[in-house]
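One line per chain: the protein sequences are S and G, in this order.
No gaps in the numbering here: position 66 of the first sequence is 66 in our numbering, and each next residue is one more.
No gaps in the numbering here: position 48 of the second sequence is 206 in our numbering, and each next residue is one more.
Hints should not be assumed to be uniformly reliable.
[Stated by the list, open to error] Using 25 Å as the maximum straight-line C-alpha spacing, the simulated BS3-like pairs for lysine-lysine come out as follows:
#, chain 1, residue 1, chain 2, residue 2
1, G, Lys-173, S, Lys-113
2, S, Lys-97, G, Lys-163
3, G, Lys-163, S, Lys-5
4, S, Lys-3, G, Lys-163
5, S, Lys-113, S, Lys-3
6, S, Lys-5, S, Lys-148
7, S, Lys-113, S, Lys-148
8, G, Lys-217, S, Lys-3
Hint data in this document are derived by calculation from the structure and do not stem from the laboratory.
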Amino acid sequence: MEKKKLSLIVFSGDFDRAVAAFTLATGAAAVNWEVNLFFTFWGLNLIKKNKGHAAIGKGILARFFNFLLGGRNNVPLSRMNFLGASPRLMTGMMRSKNVATLEELVSAAHELKVNFVACEMAMNILGITRSDLIDEVREVIGVPTFLKLSQDAQVLFI
Amino acid sequence: MTYVKVKLLLAKLPKGEIVDITLLRGEPLENVPRSAAEDGHRIVEIREATDPCHVVIEKG
Numbered sequence: 001m002e003k004k005k006l007s008l009i010v011f012s013g014d015f016d017r018a019v020a021a022f023t024l025a026t027g028a029a030a031v032n033w034e035v036n037l038f039f040t041f042w043g044l045n046l047i048k049k050n051k052g053h054a055a056i057g058k059g060i061l062a063r064f065f066n067f068l069l070g071g072r073n074n075v076p077l078s079r080m081n082f083l084g085a086s087p088r089l090m091t092g093m094m095r096s097k098n099v100a101t102l103e104e105l106v107s108a109a110h111e112l113k114v115n116f117v118a119c120e121m122a123m124n125i126l127g128i129t130r131s132d133l134i135d136e137v138r139e140v141i142g143v144p145t146f147l148k149l150s151q152d153a154q155v156l157f158i
Numbered sequence: 159m160t161y162v163k164v165k166l167l168l169a170k171l172p173k174g175e176i177v178d179i180t181l182l183r184g185e186p187l188e189n190v191p192r193s194a195a196e197d198g199h200r201i202v203e204i205r206e207a208t209d210p211c212h213v214v215i216e217k218g
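Only chain S is shown next, with the shape it has when bound in the complex (with noise of 0.2 Å):
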């Protein structure tokens, strides 16, 4: 029998949303599906290699945009975000609740063997290269092969 397929495009960068996409990610893994999650734009914030504020980039501009955006530690909620306090007290209501924080759920994606691929547009404008993401990251793509692997897939946009 033919595995379902999902593919999500991981285009915000906020806390809440990245939650959402890699819940519904680590899910349908769980259950048998092949998963492709792909990064582009501020969803690259959630792979950079490095998770705090880092001037990463080719170029001034490239450089001052990656060190504002900063990584996963910086990831802000997409409303109320209490000048950044939001993630931490949202990880602390997710810990208390039992339910998996971000950073679990990243792991989970990665044990489950979510695909995850990279937007090559979105790092070429925001000057990232290949070795400023994380290990897990199996390509970086455009958009012909990211609708070859999405082929029968169903789509979402986060």
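Following the hints, complete the assembly by docking chain G onto the known chain S.
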């Protein structure tokens, strides 16, 4: 996420090992035994009278 955690736990265990999982009623209780059985594990017992509920699974 409940079955995600169960699946990752079972993956680390040897075949035949038995685990007792505590679950909330509703979606987790409906989903976990079904998904575990589909993955080839044996559902030894489901105890719904308790709160939280328990599902005992033998690694397949």
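Given the hinted pair Lys-3 of chain S and Lys-163 of chain G, is their Cα-Cα distance within 25 Å?
Judged against 25 Å, a Cα distance of about 21 Å means the pair holds.
For the pair supplied as a hint, Lys-163 of chain G and Lys-5 of chain S, confirm whether the alpha-carbon distance does not exceed 25 Å.
Holds. Lys-163 of chain G to Lys-5 of chain S sits at ~21 Å (cutoff 25 Å).
When you check the alpha-carbon spacing of Lys-217 of chain G and Lys-3 of chain S, does it fall within 25 Å?
Given that 25 Å is the threshold and the Cα spacing comes to 23 Å, the pair holds.
Check whether the Cα positions of Lys-97 of chain S and Lys-163 of chain G lie no farther apart than 25 Å.
holds (15 Å)
Need the status of pair Lys-173 of chain G, Lys-113 of chain S: alpha-carbon distance at most 25 Å?
With a Cα-Cα distance of about 21 Å, the restraint between Lys-173 of chain G and Lys-113 of chain S holds, given a limit of 25 Å.
So if I understand the rule, the pair passes when the alpha-carbon distance is 25 Å or less; does Lys-113 of chain S with Lys-148 of chain S pass?
holds (19 Å)
Mind checking the alpha carbons of Lys-113 of chain S and Lys-3 of chain S for me, to see if they're no more than 25 Å apart?
It holds: about 14 Å lies between the C-alpha atoms, which stays within 25 Å.
Holds or violated: are the alpha carbons of Lys-5 of chain S and Lys-148 of chain S at most 25 Å from each other?
Judged against 25 Å, a Cα distance of about 12 Å means the pair holds.
Of the numbered hints listed earlier, not one is contradicted by the structure.
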